[in-house]
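I would like the entire structure built from these sequences, with the hints used as guidance.
Line by line, the protein sequences give chains H and X.
Converting from the first sequence to the working numbering requires adding 702 to each position, the first position being numbered 1.
Converting from the second sequence to the working numbering requires adding 58 to each position, the first position being numbered 1.
The hints are simulated quantities; they were obtained by calculation from the structure and are not laboratory data.
No residue lacks a Cβ here, since even glycine has one placed at the ideal position from N, Cα and C.
Keep in mind that the hints are not guaranteed to be accurate.
Unchecked claim - Pulled from the structure, derived: some chain X residues nowhere near chain H, Cβ distances all over 10 Å:
| no. | residue |
| --- | --- |
| 1 | 62 |
| 2 | 96 |
| 3 | 103 |
| 4 | 122 |
Claimed, not checked - Not everything, but these chain X residues come out facing chain H in the computed CB check (under 8 Å):
| no. | residue |
| --- | --- |
| 5 | 69 |
| 6 | 70 |
| 7 | 72 |
| 8 | 76 |
| 9 | 77 |
| 10 | 84 |
| 11 | 87 |
| 12 | 88 |
| 13 | 89 |
| 14 | 93 |
| 15 | 108 |
| 16 | 112 |
| 17 | 114 |
| 18 | 115 |
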Amino acid sequence: MQETTAACRDAFAELASPARTHDPYPFMRWLREHDPVHRAASGLFLLSRHADIYWALKATGDAFRAPAPGELARYFPRAATSRSLNLLASTIAMKDPPAHTRLRRLISRDFTMRQIENLRPSIARNVAARLDGMAPALERGEPVDLHREFALALPMLVLAELFGMPQDDMFGLAAVIDPILKGLGPHASDPQLAAADAASARVQAYFGDLIQRKRTDPRHDIVSMLVGAHDDDADTLSDAELISMLWGMLLGGFSTTAATIDHAVLAMLAYPEQRHWLQGDAVGVQAFVEEVLRRDSPVMFSTTMRIAQRDIELGGVVIPKNADVRVLIAAGNRDPDAFADPDRFDPARFYGTSPGMSTDGKIMLSFGHGIRFCVGAQLARVQLAESLPRIQARFPTLALAEPPTREPSEFLRTFRALPVRLRGQGG
Amino acid sequence: MRVVVDQDLCATTGQCVLTLPGAFRQREPDGVAEVCVATVPQALHAAVRLAASQCPVAAIRVIESDVGDDERASADPAPSPGEAELHAAKEQRNPGGHDGAV
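What follows is the structure, given as structure tokens:
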């Protein structure tokens, strides 16, 4: 990194700069090597070494706590007036045990390994249907936006089924996700936050109606189940809590999954010599999926606030009590102390291992760790595992039609478009 | 060997079920992990230790010593190559200097 000199004033601002959008990894490497326990000008800390991140994630709920309700204003001065920030503050991601434990267990019923396995046939059907839908245009030699037509559509369809929502409603709601995500970044502008709040109001209103519908006509879906839990336990799970929980699942649920499908397709195209992992058994597919997740975490750093409970010393730096500490997951996943030759795409690191752990026993950090481990991790993995071999088999001559367009974001690595075509079709 | 899950601590990630479905399952109503074997068969010892080390909230406790294990340990103090590898992996996962205390 020649352009980065001895110090970096604010790594968050660096990560948000358009110059880093295409490839933030050289900067992350510089940060990890020179300033691994970074204190930004704003007072936020950012950890970038695998070992430190792993420790902080495990210590969440213990050495780190969630912000107290009245405390949010100190970190987000606009929290008092922002609907989106208030919703964020009331999600499970901002709660400590025992409230966190109780809410987590309410949603876990629909995310057990068995429940997710039960969704596999329907996910496989959706994958096949979306690929069928793309085939005519591709076979005519036309470019198709794989991001919109497949990567984003699949998790939307899966989430619509989980929530018991009509597919068209989900496609409508999905349009307002990006403005909300942009409003949640640490450097969101006032207009961005206003746009996020307008979008959040729409999501809130929709879920408010959905809850009423499920209350009068419960079905086998997560919203009906949560409404039932709510009505049995009226003191502790309010409609507002329920709405913020659904809002959080919507935000967490598909931009990230879509980006990982996009990254996986890009890896297939960039490293054809690694495609054989997708042509054999499920163990090879799993290894490919885990390596995609490791090499390109869709969440660069978590927006979840981790407030130090006490002074914490890491790598010779003292993080003072009450500091807000964020973890740069994408940098930890490329730490050579955890993953040798970390920029190399090498599914062998995860071949035959327990999901999420490398053959060297290192944890892949993209789903987090500790009490806030991604509740949708297995759902995402199954979507990826059902998608990639089918994409490979159905379109073996898939190629980029144009370079992909990334969604500018401070903390996510997501896409706006991934135009593909078939080689030898229409040129 | 026996294995227990601290169900108050369990974060319902299901990681143990993914690692070793033969020894762990999730309760239907809330996803909390439970152990589905009374004692861990020899063939699963390494995998159970792995599941315990990978649990995101360290809710799995392995109780190594039972009569059979003690006898085997005294008769054959050297760990098998597989176990040695696992211990090495475990060491790497817990690097020094990260207790977070000041």
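Problem - Minimum beta-carbon distance criterion (8 Å), residue 76(X) to chain H - result: holds, 5 Å
Exercise for the section: Against chain H, run the beta carbon of residue 88(X) and see if the smallest gap drops under 8 Å. Expected result: Residue 88(X) check passes; min Cβ-Cβ to chain H is 4 Å, inside 8 Å.
Problem - Proposed interface contact between residue 77(X) and chain H, which counts if any beta carbon pair is under 8 Å - result: holds, 4 Å
Exercise for the section: Would you settle whether the hint for residue 84(X) is holds or violated, based on the nearest Cβ-Cβ distance to chain H being less than 8 Å? Expected result: Holds - the Cβ of residue 84(X) comes within 8 Å of chain H, reaching about 4 Å at its closest.
Problem - Claimed clearance of chain H by residue 62(X), with the beta carbon kept past 10 Å - result: Check passes; 18 Å lies beyond 10 Å.
Practice task
Hold the hint about residue 87(X) up to the distance rule: shortest CB distance to chain H must be less than 8 Å.
Solution key: holds, 6 Å
Problem - Closest C-beta approach of residue 112(X) to chain H relative to 8 Å, hint status - result: With a closest approach of 6 Å, the residue 112(X) hint holds.
Practice task
Answer holds if the nearest beta-carbon of chain H is closer than 8 Å to that of residue 69(X); otherwise answer violated.
Solution key: holds, 5 Å
Handout entry: Given as non-interface: residue 122(X), which should sit over 10 Å from chain H by C-beta
Key = holds, 19 Å
Problem - Given hint residue 114(X) near chain H, where the shortest CB pair must fall under 8 Å - result: It holds, given that the least Cβ distance between residue 114(X) and chain H is near 4 Å, below 8 Å.
Problem - No chain H beta carbon within 10 Å of residue 96(X)'s - result: holds, 22 Å
Problem - Agreement of hint residue 108(X) with chain H interface, Cβ distance less than 8 Å - result: Residue 108(X) check passes; min Cβ-Cβ to chain H is 6 Å, inside 8 Å.
The structure fails hint 14 only (numbered hints given earlier).
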